[in-house]
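**Student:** Here's the letter readout for the chains.
Protein chains: 4
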Amino acid sequence: MNRQFEPKDPDFKQRVTRSFDEQAVMKTLNARLVAVEPGEIQIEIPYQPSLTQQDGFIHAGISSTIMDSACGYAAFTLMPSEARVLTIEFKINLLAPAAGERFYAHGRVRKPGRSVFVSEGEFYAHADGEDKLVATMVGTLMAVYSR
Amino acid sequence: MNRQFEPKDPDFKQRVTRSFDEQAVMKTLNARLVAVEPGEIQIEIPYQPSLTQQDGFIHAGISSTIMDSACGYAAFTLMPSEARVLTIEFKINLLAPAAGERFYAHGRVRKPGRSVFVSEGEFYAHADGEDKLVATMVGTLMAVYSR
Amino acid sequence: MNRQFEPKDPDFKQRVTRSFDEQAVMKTLNARLVAVEPGEIQIEIPYQPSLTQQDGFIHAGISSTIMDSACGYAAFTLMPSEARVLTIEFKINLLAPAAGERFYAHGRVRKPGRSVFVSEGEFYAHADGEDKLVATMVGTLMAVYSR
Amino acid sequence: MNRQFEPKDPDFKQRVTRSFDEQAVMKTLNARLVAVEPGEIQIEIPYQPSLTQQDGFIHAGISSTIMDSACGYAAFTLMPSEARVLTIEFKINLLAPAAGERFYAHGRVRKPGRSVFVSEGEFYAHADGEDKLVATMVGTLMAVYSR
Chain H
3 MNRQFEPKDP DFKQRVTRSF DEQAVMKTLN ARLVAVEPGE IQIEIPYQPS
53 LTQQDGFIHA GISSTIMDSA CGYAAFTLMP SEARVLTIEF KINLLAPAAG
103 ERFYAHGRVR KPGRSVFVSE GEFYAHADGE DKLVATMVGT LMAVYSR
Chain F
3 MNRQFEPKDP DFKQRVTRSF DEQAVMKTLN ARLVAVEPGE IQIEIPYQPS
53 LTQQDGFIHA GISSTIMDSA CGYAAFTLMP SEARVLTIEF KINLLAPAAG
103 ERFYAHGRVR KPGRSVFVSE GEFYAHADGE DKLVATMVGT LMAVYSR
Chain R
3 MNRQFEPKDP DFKQRVTRSF DEQAVMKTLN ARLVAVEPGE IQIEIPYQPS
53 LTQQDGFIHA GISSTIMDSA CGYAAFTLMP SEARVLTIEF KINLLAPAAG
103 ERFYAHGRVR KPGRSVFVSE GEFYAHADGE DKLVATMVGT LMAVYSR
Chain E
3 MNRQFEPKDP DFKQRVTRSF DEQAVMKTLN ARLVAVEPGE IQIEIPYQPS
53 LTQQDGFIHA GISSTIMDSA CGYAAFTLMP SEARVLTIEF KINLLAPAAG
103 ERFYAHGRVR KPGRSVFVSE GEFYAHADGE DKLVATMVGT LMAVYSR
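Chains as they are written, first to last, in my numbering: chain H, 3 to 149; chain F, 3 to 149; chain R, 3 to 149; chain E, 3 to 149.
Incorrect hints may appear among the rest.
[Stated by the list, open to error] Result set (EDC-like, lysine to aspartate or glutamate): computed pairs, CA atoms no more than 16 angstroms apart in a straight line:
no., chain 1, residue 1, chain 2, residue 2
1, H, Lys113, E, Glu124
2, H, Lys113, H, Glu42
3, E, Lys10, E, Glu84
4, E, Lys29, R, Glu46
5, H, Lys29, F, Asp57
No lab work stands behind these hints: they were computed from the structure. In this text the structure is predicted, and so the values were computed from the model without any measurement.
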């Protein structure tokens, strides 16, 4: 996607970082926010045996957690400073087992709107020097304004 | 749903319980398997500040994790003993903030199949003696046979 | 679902019927609106060879068309008279081939909201005196107000 | 996507074209198959008042019908000659009203598999010399072998 997004709030990076730091679950999962660009977010987590399902792979719900935050914050970068972001719904497709040393979620805005945003997420497993796509997400986010 | 499901494996409860115990992430999230019936599963977690998003509610990805396990094991109860269960995809809708003292996920098989199963999940928040529906899931599961 | 929905517009039946009559595609598909209740809609179509895919079954997209209208109008019954209804997204699961003499879509509101509604749809094939569930839908609808 | 797909059946174009011609609904909708490449399909329809919803835009279900065929046949190009293709589920997001002179659906395989394929679809409206993305789809397809 070569379209450029214009953030409405010049301090979007600070705003996203602050909110991310308030997501206690990100700390619990040892997730790190590694990139914050207009309409685009990257979050990383290391492999952790404590987050696995019965076959030793990262549980699909944990992949969802990371991708949902990436998709949500991607939308949040484009919202005005007074908005909060809310996930309305998302769908994930699991393409391969989440096996690897560490994992990256990329979230990108596909369609910004006044109140409704659509973001897409990808979840990559990094192993033996290679990245492999293991899951994809499509999510609908909403800008919510306090009254 | 008044249709009765007939499990192919009489020991389905043991098989599900054993697999659940192997999901390390369930221990990490303090999730408990509270009901295992043919085509139906209930999993419970207490409220934990360590699992919250920026507003202090349980993160949607954590709700997904619990619902995905509930939907997957609901399908697993109906699979033959030599099958493994794999989530292909799921979609969740977030209806209300996940605020409460504890939370229940119900997973139910909507359509069993030879290889493809469709399950539906509901996520309830329990607060002040009342249960409130906070999220729903539809998921597609697959029975996988080792070759 | 035993919860009762309270329509905001006492003339919701007229409003839904008028809008349905304006959906030219419903006429093209020979679809009939057979029930309009608060939060609930039923639409019927006969089997038509002109609507089939390569195996002679009703094409999944046509089932979607009928279910989407059923889900959207189910939400529309609960909206105030000045609102328009817009589908934001939907997901369908195909459970069985859409084979039969005629087909019914039921749309029901799962969660009403100020602006965002979640509806669920079911698509039944009627053959040899029996109804068979062939597809399910979950959709997110929005109440849009002209400014 | 710079990955190259290798079709298993050298006659995949003929096989897809023949199956498309058997989808009576494509004729009914005046849809034309305009591109068949390994893992990629393009289908076009003109604007038709007979396919509209209450505001005069193409009904979301009709967009779904075209995208579903594009996604399904994209997967079908990569399947062996003895396989049939079946849609298990799909999700669409509606990004803008489907207003225009004609419409294109692009379907692309995101992940091929032995039995399960994931495809992505886009629906563009062409108006005043420009293409506008109006909807996206993610679908899961299955290769089915007669026994």
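**Student:** Please write out, lowest number first, the hints stated earlier that are contradicted by the structure.
**Tutor:** Of the numbered hints given earlier, the structure breaks just one, which is hint 4.
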